[in-house]
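Number of protein chains: 2
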Amino acid sequence: MTPHLVLEHLDSLVKPPGSLGRLEDLAVRLCVIQQTLAPRTTPRRVVLFAADHGVVAEGVTAWPAEITRLMVAAIVSGGAASSVLAASTGTDLRLIDVGVAGPGLPDGPAHLCRKVRFGSRNLAQEPALTVEEFREAVAVGEEQAADAVAGGVALVAAGEMGIGNSTPASCLTALLTGSPAEAVVGPGAGAGEEVLVRKRRVVAAKVASESHYLADEPETTIASVCGLEIAAMAGFYRRASASGLTVVLDGFIATAAALVAERLWPGTARSMIAAHLSAEPGHAAALAHLGLKPALDNWGMRLGEGTGALLLMPILDAAAAIVTRMATLDRAGIRTDGP
Amino acid sequence: MTPHLVLEHLDSLVKPPGSLGRLEDLAVRLCVIQQTLAPRTTPRRVVLFAADHGVVAEGVTAWPAEITRLMVAAIVSGGAASSVLAASTGTDLRLIDVGVAGPGLPDGPAHLCRKVRFGSRNLAQEPALTVEEFREAVAVGEEQAADAVAGGVALVAAGEMGIGNSTPASCLTALLTGSPAEAVVGPGAGAGEEVLVRKRRVVAAKVASESHYLADEPETTIASVCGLEIAAMAGFYRRASASGLTVVLDGFIATAAALVAERLWPGTARSMIAAHLSAEPGHAAALAHLGLKPALDNWGMRLGEGTGALLLMPILDAAAAIVTRMATLDRAGIRTDGP
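Taken in order, these protein sequences are the chains called A and B.
According to the working numbering, the first sequence is numbered sequentially starting from 1.
According to the working numbering, the second sequence is numbered sequentially starting from 1001.
For the record, the hints were derived by calculation from the structure and aren't laboratory data.
Values in this document were obtained by computation on a predicted structure and should not be read as measured data.
Even for Gly, the Cβ is constructed at its ideal location relative to N, Cα and C.
Don't take every hint at face value.
Claimed, not checked - These stretches of chain B come out as covered by chain A in the derived footprint (C-beta under 8 Å, 3 or more residues): (1) 1010-1023; (2) 1064-1076; (3) 1079-1085; (4) 1295-1303; (5) 1311-1323.
To be verified - The following residues of chain A were derived to be distant from chain B, with all beta-carbon distances above 10 Å: (6) Met1; (7) Gly21; (8) Ala74; (9) Cys113; (10) Val197; (11) Arg201; (12) His212; (13) Tyr213.
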């Protein structure tokens, strides 16, 4: 199933060729990823991975670290943006605590505790994760993708909650795309100018000290700047992609995890559809590096929690419906030799 | 309910202020139109109005006029893009034949025949509609809005099917926004360069001959360049807006009808949410004239049939869900005096 074959099918339907614009691009992408003219967008699941970040000690965030724990509780109790959008779009939502500091919530139907450690170390002072910890977090993500596959899910996304995680995501984006550190650092969840100056300094210093090692020791280098939830998302993508699931990519942090996955397991991004272009300045470079074009490209979303991916879900339903349910020009009695 | 009050509410929810970007803009718009912090997006209905256009005789279209009739049949039988998107987004779809040339289909639950005449006259040669015909078509639209109100519908859109209708829509856009005719004429459903040259000439000549009369005789002038489905859409907007319904605005033709409504019944556009920016070049000027900002602003859609409005429906569900169902920062135990 090539893009050309899908376009040929779309052009046979009762509409002027290309007249549904970007909805047709999404239809093509779904068909090519799933290798069928009858793509599925349900059942679907968004898995959120949550963890804390030692680098918060450097004053690189607008919100204090304990917000991670409070937001995990809000998500699990159904009041967070992700919970509400999951319900609105008919999407199963799960949250996996892969390393929130302090005790976790008891396991439930939509929440599991799989802490690798109580947050990553302060990447400004030492490696954030050892390779072993990184691999353990990757395995948590892989386990969740395997569970989705076993549950008959057709389409997945990963999201995150982790105060401070735009700092490791910025480091990863700079390292893995080759973009200058200053160009990829943004306000995240709302950093002011003073915080932003510290964040830029931390990212630039870390990237400068690590970039030499990337080629020879990619996994160690990635682990040293990574977060547990980012590692888990990368593992989730790896296994989901290898198992033939369609992966909807959320915002800046989710895409940093995709950069990790594509670097360590090339080809992972071929299963991906980019939901949106985040307000975070490094996102465009990361998506371009993966060869992905965001569907919603100036919506100014910057919340995380899989919210951008969730918003795209009903649009993907519409794209799939166009391909599978529209009548052909032929059947409508419209001659295709003109105009 | 002012935008400021809605924003205050949105900023009290468990997310960084503004972090849902354009979804928050839509939430504000819904709340302000409906004057509530609990906006409704269902039940909803899209009403398509279909008619033919005598101006097709001038060679201004890519497709022959009989396509209107065939597409009406495709819509009613459920195979058109609008039918499929209505089903995918949980939207009631109706089609009203307000002036398709030739005999109409028998009335059905989702289809009514309310022909004012068998298509408008050739606007290049004579007035397309008399004022009486224009008013009759407006009344057909008003009747449909009244029916939606009676049916408890909260949110509506109007769409259209009518080969040739981007020519009257271009005339209306130029006349009512003051934009130059050349700037508002585009390929519509797929006109090539030769057709486009003729279309530009027809629109420029008509606008030049009518523009003097607009100030003194707006209704006569509008009728002389209008189409029956465009008049019906204008009437639909008028009554829907006056009855407190939220109106989702589709593409170029639908917006030309909104220009008509706003000109004749000022304030109508205050109930409107613009779904998308069409690929048609005159659409941006029309939306700007109405003070509306399109939600999907570079999706390149140009099909009509209400498809752009339909695609926005689940996004509006998400916007309403955010406002009504998210927990507050306070309730989540997050102090609002920081960061």
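Practice prompt. Could you work out which earlier hints the structure fails to respect and list their numbers in ascending sequence?
Written response: Hints 7, 8 not satisfied by this model.
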